Amino acid sequence: MTNMHRDFTKVGLNDDEEELLDILEERRRSSDLSFAFRTFSPQPYKAAPPCSTVELNRVVSESQFLRYVTKEVAVEKQLSVEEVQQEARGILGEMSQNLQLGFIRLMAYIFNKVFKRLYSAIFVNMEGLNRLHHATQENPVILMPNHRSYMDFLVISYILFIHDIPIPVIAAGIPLAGMKIVGEILRRSGAFFIRRAIGSDKLYWAVLSEYVRTLVRKGFAPLEFFVEGFRSRTLKSLSPKLGMMHMVLEPFFKGEVFDITLLPISISYDRVLEESLLAHELLGVPKPKESTMGLLKASRVLSEKYGSMHVNFGRPLSVRQLCEGRINRYQYNLTPRDLPEKSTAEAQACASWLAHLVVRKQEEGSQISPWSLMCGLLLQVPTRVLTEEGLPWHQLTEKTLWLRKLALDFGARLNWPDGVPDSDVMSSSAELHRSIVQRKAGCVFLVQEDEPSRKYPGSPEEGMMRTAAAALMLASYRNQCLHVFVRPALVATAIHITKCTQRDELFAFFSFLQDVFSHEFIFIPGESLQDFEEACSLLKKCGAVHISQQEVTVAQGGMEVLSFLQELLKPFIDSYQLVFGYLCEAESVILKEKEFLPAVRGLAAKLLLSAELHTYEALSSDLQKNVLSALRRLEALTKLSSSVSNEFKVNKSAVKRITDMLSGKIPPWNTQALPDARL
Amino acid sequence: MASNSCGGGSDRQMAAQHRLSVIAGHLQRPSGSNTAVLAVDCKGQGSKPFVSSEKRTVPRRRQEIMKWNGWGYSDSKFVYNKKGQAEFTGKRYKLSGMIIPGLKDWMENTFGATLQHKAAATPALNSSAVPPPTLNEAFVEELKSTGVPFSADAEDRVFRAHGHCLHEIFALREGKIGRVPDMVVWPNCHSDVVKIVELACKHNVCLIPYGGGTSVSSALECPPEETRSIISLDTSQMNRILWIDEKNLTAHIEAGIIGQDLENLLNESGYCTGHEPDSMEFSSLGGWVATRASGMKKNIYGNIEDLVIRIKMVTPQGVIEKSCQGPRMSTGPDIHHFIMGSEGTLGVITEVTMKIRPVPEYQKYGSVVFPNFEQGVACLREVARQRCAPASIRLMDNEQFKFGHALKPQVSSIFTSFLDGLKKFYITKFKGFDPNRLCVATLLFEGNREKVLQHEKQVYDIAAKFGGLAAGEDNGQRGYMLTFVIAYLRDLGMDYFVIGESFETSVPWDRVLDICRNVKARIIHECKDKGVQFPPLSTCRVTQTYDAGACVYFYFAFNYRGLSDPVHVYEQVEHAAREEILANGGSLSHHHGVGKLRKEWMRETVSSVGMGMLQSVKDYVDPNNIFGSRNLL
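Line by line, the protein sequences give chains A and B. Residue numbers 4 to 682, in this note's numbering, belong to the letters of the first sequence in order. Residue numbers 5 to 637, in this note's numbering, belong to the letters of the second sequence in order.
Read the hints as simulated data drawn from the structure, not as lab findings. A quick note: this is a predicted structure, and the numbers were derived from the prediction, not measured. Glycine residues also receive a C-beta, built at the ideal position from the N, C-alpha and C atoms. It is possible that some hints are incorrect.
[To be verified] Simulated crosslink set (BS3-like; lysine-lysine; CA at most 25 Å straight-line):
#1 K81(B) x K49(A)
#2 K368(B) x K49(A)
#3 K368(B) x K433(B)
#4 K655(A) x K345(A)
#5 K461(B) x K49(A)
#6 K655(A) x K642(A)
#7 K49(A) x K98(B)
#8 K534(B) x K49(A)
#9 K502(A) x K668(A)
[Claimed, not checked] Some but not every residue of chain A turned toward chain B, in silico, with C-beta under 8 Å:
#10 E259
#11 F261
#12 R332
#13 Y333
#14 N336
#15 R340
#16 P343
Please build the complete structure, drawing on both the sequences and the hints.
Here you go:
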């Protein structure tokens, strides 16, 4: 595998795809030490001179905004202003980065060692880097990578260091700061730390938002943050978090900068370092606390191979251009701009739209591996077959090649090397993932965990849980390519469930599905119709349907595509129906999240054992939480404001209605009348 | 008091002389031109004017001394001489007759405008291109009987059909003439105006008052949809100071007087108004009132609304005026505020009583260099906070600083150039100022000598806190001179494919930096978007400080070679820039007015109710839209 990729350091695929360069190639030829001491001379930001950490913190703590908030908080908490200021300084100290080039060099040295061992290649699109290089001189730049692995955290800094682009400051979760030594190294490599549950801590919000805004206003270093908020356990894009997004945009809304450049970055892995850890988290095993010891222990993962990493720097997005007509900047003219005020609905909608757009761009820019396609197909084979009889290899090969064509038709960026026999590509993929699948006697089998784990009590479920981890890993790798198919798949599902050909009825069902799966997949708010049109035209392009003014009809021979797509969504539909069913039949209308997750998992396990349920994805806690979020959005679930822990009131009849609509028993509501709660 | 015979007041005379030489040295009138002979005695005017001077700058036939398709006097303009060096012709200004060695390179480097690419203007006005006048015979007949002079001559009419917006001058240079007034009348006094307005109402003709013709808001453009006969009412011959009240320090003045004449005449008596808009060579008192003008030295003297005591205006409903000269009144909304800013839509301002001040005994220019624009703005803000602004304080950005540098005339002595070199070395090398970031503030102090020096120290001390270095009187003085010649420079630019203009706004202090940055950047982006082939000049300066904000001026110009419709591109960019100003909390205008150019933003600026209030005043005062310039509303 390693060799194969090395031979193809430059891979050109689609027309809009750019040349990729393996940046490890050169690293392997030169010394790590001299690399770490290379001259670093980025082009400075034109509008303002660089700003030291001390200066930055001073500007933040002396800001008019913080002065207002400090006074307010002092009155509310009945403290003296000095005490509150003291507290604010403490927060700032805990938060602030302390970027030093020396530590970037150290980090680069370590990463050189680590990356060369783990990865066969790190592919970067040089065009994208060039664009970034120019962008950093013009406007404040926000780097927005997706988050799939801890590896994401500093890889961007590493790449920018190599290419003489200003090193970013990076928003990180506070647990990282708690790691001995490592926390400090991260801080000096440009990380600033944000607490997880900020809740209603007014002072904390104030310090954080002023800190972020000051970084944007100063603009001397790019600001990097993960708009998804967390590392995605399912390798699927998460619904963007809007708090940080809004803080970043505010300096533009208020005219404090001319423009802001958003730069979506897609990091794709052939194999994710934490794959098994993530699967277990989804099954309810708590995530280990971030600690330096834990990191050292985890160093055994360094002995394995992880294929290649792709870092795709997307096209710079101009906030000014995108916000044209979406934000009325006049609204900020009549009050002091430093006054702490709630952001308007318009500003929130705009931030949400932009955040979704960026996540979509991340999806579009990600590289899809052959393995991801294979997983998509493996998951459509009954699990029993995979664990017991095995799937004939030639069958998988045939289907994968078919799917490759479909993916290309749908415009995917495929990481499928040219000039290598397809069978070799697939075998090396399977080989790389031998922790999940095995080839024996011309067949593919799912690997079950060797040791019966004591983590899961109750023996009948034990075997099932052993399979579950592998199945969820398969699902996660399938998720890497899901965004390519999801829109056409919604249409395929609409056709299948409604048994209808009328365009508007299909569209109604399509939007209904988008509403239901709003937290499962990324749909840009307000663009349902475009999504539908795009999906239809893709289906037409691959010959699956005919489209007329009024109708969408299945083409002859189109069923293969349609049923594949519909099967692709089936695990989600089945899992959602399972949760809906649980909610409708629960005794109480009050739901506690803490109790809900194990209960649904238990129910799913039971049904899996009795073969009434076929998808292991119903066990995933992420999916279960997504159902709750979707139901809240659809107002079938309301959060009880009085409760400290997450408690909800269930509107059973509403859930029942959604269940019936999803199964096609009653037609979906007119989505136009829906309150647009996506904002 | 007869100012001419004042023998004892030599101090004052001296001061007056000094002032004359400093500010108006470049405003010498051409000798030997017999102008402004009163055509008809004003019968309504029983007494002789208090200050009588035969000398007036603007004749009835403006074409005798002024350009028909550019700014200012015919004899004054920038040209490239045979050696290819820029030179300013004529004898009127300090810069006149001087070589400006840096200008050519600056033009080339800034705009890519070279001598090889010349865009020549139509040399002379072709009268046959002017549409024949639509005359209202009955009106003309009755007008004749009043004895007020009038003309339907093509040149006279074209001169009064435009202000100095880019599109107006550009069209003239191309020889394109649109709708022009059908007739020009020159009333001599208030009662002439009363007669003209009465006749206009009687015969339903459209009146457009014309003062100095320096409008930059399309206010003088004849509405193309106007089908009635359009009469341009030129106030330039109503130019007397009727009396001076030394006890109350006021003067009663006919509204057609232009700025430089007003100052010169008052100076003869030892007084001044202190109102010095950049256009004061040509703009008129009535025009200032009608547009809410602002003067460079407003920090001492105030803007026009602070200077005015009483206004007389002739409207279709009759004459509006106040009954007394009380310095302040609580008598409902101030009716002066319907008049100030009415932009010729309600009537003709004929006479104004305004405050005057003794000519200051001492004047001193100054300048301060700042390491960057941010520091400069912070300093101006502090000066405003301490309310110690000098008569004038202006901050130019880096581009404008360089521009000012390019306009330095050739230095005669090696010593001066050596000194200049030394100064430059000190600032950039010794003090570490980045030549591409530094900016300069120009200052003008006025008052008695002792106080001026004290004041100067106070301001320089504040400047020092913001890293400012005193940079000498010359730089300051040159800065102010620039404001008078910059309009001439546009004509030179147009000769070489460069078009541009300035526009202004007022904005709260906390947004000054943001608006400067964003508007300048917006201009550059829009130019790129609209296909401008060369990088534009996009620069600004802060020209006035107030307690709660500042006035900001933007200059914008670009080389239009390769564009098929440069004026349209220009207008699109200016429009975008104005949108950007408004989005950043700037006002629609600080002192240029609205005219027709900025009408589209009036409603959002003053709200619908506000528009309704203004409209109802218009409907009452002028129900038949006699004053039909269609400005403002």
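The hints, checked one at a time:
no. : hint              : verdict
1   : K81(B) x K49(A)   : violated (37 Å)
2   : K368(B) x K49(A)  : violated (37 Å)
3   : K368(B) x K433(B) : violated (28 Å)
4   : K655(A) x K345(A) : violated (34 Å)
5   : K461(B) x K49(A)  : violated (35 Å)
6   : K655(A) x K642(A) : holds (14 Å)
7   : K49(A) x K98(B)   : violated (38 Å)
8   : K534(B) x K49(A)  : holds (23 Å)
9   : K502(A) x K668(A) : holds (12 Å)
10  : E259              : holds (6 Å)
11  : F261              : holds (4 Å)
12  : R332              : holds (4 Å)
13  : Y333              : holds (6 Å)
14  : N336              : holds (4 Å)
15  : R340              : holds (6 Å)
16  : P343              : violated (15 Å)
When held up to the earlier numbered hints, the structure conflicts with 1, 2, 3, 4, 5, 7, 16 and fits the remainder.
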